[in-house]
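Trainee: One-letter residues, chain by chain:
There are 2 protein chains.
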Amino acid sequence: MIHKKSANSIIVASIVGLLFSIFALPSVFSKEYFTIKNGELVRPSGYREWIYVGAPLTPHDKNNGKANFPEFHSVYIDPESWEHWKKTGEFRDGTTLIKEMNLVGSTSAPSGEGYFMGRFVGLEATIKSKREFPNEPDNWAYFSFTVPPEHKSLKQTTKAEPTANCSACHEKSAKHDFVFTQYYPILEAAKADPHKAVGGVW
Amino acid sequence: MIHKKSANSIIVASIVGLLFSIFALPSVFSKEYFTIKNGELVRPSGYREWIYVGAPLTPHDKNNGKANFPEFHSVYIDPESWEHWKKTGEFRDGTTLIKEMNLVGSTSAPSGEGYFMGRFVGLEATIKSKREFPNEPDNWAYFSFTVPPEHKSLKQTTKAEPTANCSACHEKSAKHDFVFTQYYPILEAAKADPHKAVGGVW
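Protein chains in written order, with this note's numbering: chain L, 1 to 202; chain D, 1 to 202.
In isolation and in its complexed conformation, chain L is listed as follows (with noise of 0.2 Å):
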């Protein structure tokens, strides 16, 4: 028989114990921000609250009408990720990075000339992972759930890219670990760096 002082005691040591157990977990375990299933990347979603790292910008107006990449590229990283990058200024084992394409919309506003986000276009995301692509360079892989030529849907599942389609630009001209992080100034300021990684501290 259990005394009631002794199981109000369990009760109270569960209680502290399951907060404990919330509260330590997410630095035991470090969390991944994809699914691979049946050799597939699963579209991400919830990526629009991750951390935004830039945007940048080759218009077709700037290469002849015929740019590789006429949209707008907006770029995130993982919030896991983020912090890592933030402590130690490299890419952990397990970064997602997400590039979500918009059409040029608008060309002139209030504000002057030049380039305003239309609509969605395109989404590709890629990651680093030993496990998952331990052939890859440096573990890095390339999806593209884009759909051309409509860009009115997106993919539900993708396989990577043939190494050769990204991995050579990636390996031969950006700055670090396969990143170009050289047109990405927040990811330069964050660099190890907690404090400038916030904003608002030049």
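Hints listed in this document are in silico derivations from the structure and should not be mistaken for laboratory results.
Hints may be right or wrong, so weigh each one.
Intra- or inter-copy, both count: the list cannot distinguish identical chains.
No farther apart than 25 Å at their CA atoms in a straight line, the calculated lysine to any residue pairs in the SDA-like style are these [unchecked claim]:
#: 1; residue 1: Lys172; residue 2: Arg119
#: 2; residue 1: Lys152; residue 2: Lys191
#: 3; residue 1: Lys31; residue 2: Thr157
#: 4; residue 1: Lys191; residue 2: Gly105
#: 5; residue 1: Lys152; residue 2: Lys196
#: 6; residue 1: Lys172; residue 2: Ser45
#: 7; residue 1: Lys152; residue 2: Glu124
#: 8; residue 1: Lys152; residue 2: Glu132
#: 9; residue 1: Lys191; residue 2: Thr163
#: 10; residue 1: Lys62; residue 2: Val104
#: 11; residue 1: Lys87; residue 2: Glu49
#: 12; residue 1: Lys191; residue 2: Ser108
#: 13; residue 1: Lys37; residue 2: Asn63
#: 14; residue 1: Lys66; residue 2: Ser108
#: 15; residue 1: Lys191; residue 2: His151
#: 16; residue 1: Lys66; residue 2: Gly89
#: 17; residue 1: Lys31; residue 2: Gly46
#: 18; residue 1: Lys62; residue 2: Ala109
#: 19; residue 1: Lys196; residue 2: Phe145
#: 20; residue 1: Lys175; residue 2: Ser108
#: 21; residue 1: Lys31; residue 2: Lys152
#: 22; residue 1: Lys155; residue 2: Asn38
Start from chain L and add chain D according to the hints.
Mentor: Only chain D this time, still in chain L's reference frame:
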């Protein structure tokens, strides 16, 4: 005298109560992401970990070398106002929007000719608060921490801009409650639609 059994019950009840408070509080008290001190806005920090909504660009080369806003404008909304926007399609009292400005840096990359972000050159904020700005149109006030002409530092605190400097243009041309949502497809997608808000769903 309190019996041990009662004492233990009180401990259990307290822990349960504390747990409840921790998780219930955010929905009871709205959090604000700005601080007004001696009539000036304190320079915000942490906004790069808020929600990114878009990055318009009106570069010099599209405005005869004399653009009013020649930089990339990365725009963020505070997390609680984002939640409110997703649920209601309205900007809550207390909404804080941040505009961080980067010079155009490189104009050529392996991906093509265009515009890539360079160094940070400015920081602005727009805040809607009936308590703080009862006399501003729809309670929106506009702030700049930018220090021209060098753009090498930011002000620590800053006064609201005179109403005529910003508000008139926002009132006339912004699509929704003084905000130019027409140039921010992320806001348009998220308007009262939590499902589409997070991305990956068209």
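Trainee: The structure should be examined with respect to each hint, and the outcome stated for every one.
Mentor: To see whether the hints hold, each was checked on the structure:
Proximity of Lys172 to Arg119 under the C-alpha cut-off of 25 Å is restricted to the inter-copy arrangement: shortest distance 24 Å between copies versus 32 Å within a copy. In this assembly of identical chains, the alpha carbons of Lys152 and Lys191 lie at most 25 Å apart only when taken from different copies (20 Å versus 36 Å within one copy). Only within a single protomer do Lys31 and Thr157 lie at most 25 Å apart by alpha-carbon distance; the minimum there is 20 Å, versus 38 Å between protomers. In this assembly of identical chains, the alpha carbons of Lys191 and Gly105 lie at most 25 Å apart only when taken from different copies (19 Å versus 33 Å within one copy).
Taking the shortest alpha-carbon separations for Lys152 and Lys196, only the inter-copy value of 15 Å comes in at or below 25 Å, while the best intra-copy value is 39 Å. In this homomeric assembly, Lys172 and Ser45 never come within 25 Å of each other (Cα to Cα): the closest approach is 30 Å inside a single copy and 35 Å across copies. In the homo-oligomer, the alpha carbons of Lys152 and Glu124 lie at most 25 Å apart inside one protomer (15 Å), although the nearest pairing across protomers, at 35 Å, exceeds that limit. In this assembly of identical chains, the alpha carbons of Lys152 and Glu132 never lie at most 25 Å apart, being 30 Å within a copy and 44 Å across copies at closest.
Taking the shortest alpha-carbon separations for Lys191 and Thr163, neither the intra-copy value of 27 Å nor the inter-copy value of 39 Å comes in at or below 25 Å. Both within a single protomer and between protomers do Lys62 and Val104 lie at most 25 Å apart by alpha-carbon distance, with minima of 13 Å and 14 Å respectively. When the C-alpha separation of Lys87 and Glu49 is checked against a cutoff of 25 Å, the pair qualifies both within a copy, at 20 Å, and between copies, at 15 Å. Only between protomers do Lys191 and Ser108 lie at most 25 Å apart by alpha-carbon distance; the minimum there is 23 Å, versus 35 Å within a single protomer.
In this homomeric assembly, Lys37 and Asn63 never come within 25 Å of each other (Cα to Cα): the closest approach is 38 Å inside a single copy and 49 Å across copies. In the homo-oligomer, the alpha carbons of Lys66 and Ser108 lie at most 25 Å apart both inside one protomer (21 Å) and across protomers (15 Å), since each shortest distance falls under that limit. Taking identical chains as interchangeable, the C-alpha atoms of Lys191 and His151 lie at most 25 Å apart only when they sit on different chains, with a minimum of 22 Å there against 35 Å within one chain. In this assembly of identical chains, Lys66 and Gly89 lie within 25 Å of each other by CA distance neither inside one copy nor across copies; the values are 36 Å within and 38 Å between.
With identical chains, the CA atoms of Lys31 and Gly46 are at most 25 Å apart both within one copy (14 Å) and between copies (22 Å). Taking CA atoms no more than 25 Å apart as the test, Lys62 paired with Ala109 passes in both settings, with 20 Å inside one copy and 12 Å between copies. Only between protomers do Lys196 and Phe145 lie at most 25 Å apart by alpha-carbon distance; the minimum there is 17 Å, versus 33 Å within a single protomer. In this homomeric assembly, Lys175 and Ser108 come within 25 Å of each other (Cα to Cα) only across copies, at 15 Å, whereas the closest approach inside a single copy is 34 Å.
In this assembly of identical chains, Lys31 and Lys152 lie within 25 Å of each other by CA distance neither inside one copy nor across copies; the values are 31 Å within and 38 Å between. Within a single copy, Lys155 and Asn38 get their C-alpha atoms as close as 15 Å, which meets the 25 Å cut-off; across copies the closest is 53 Å, which misses it.
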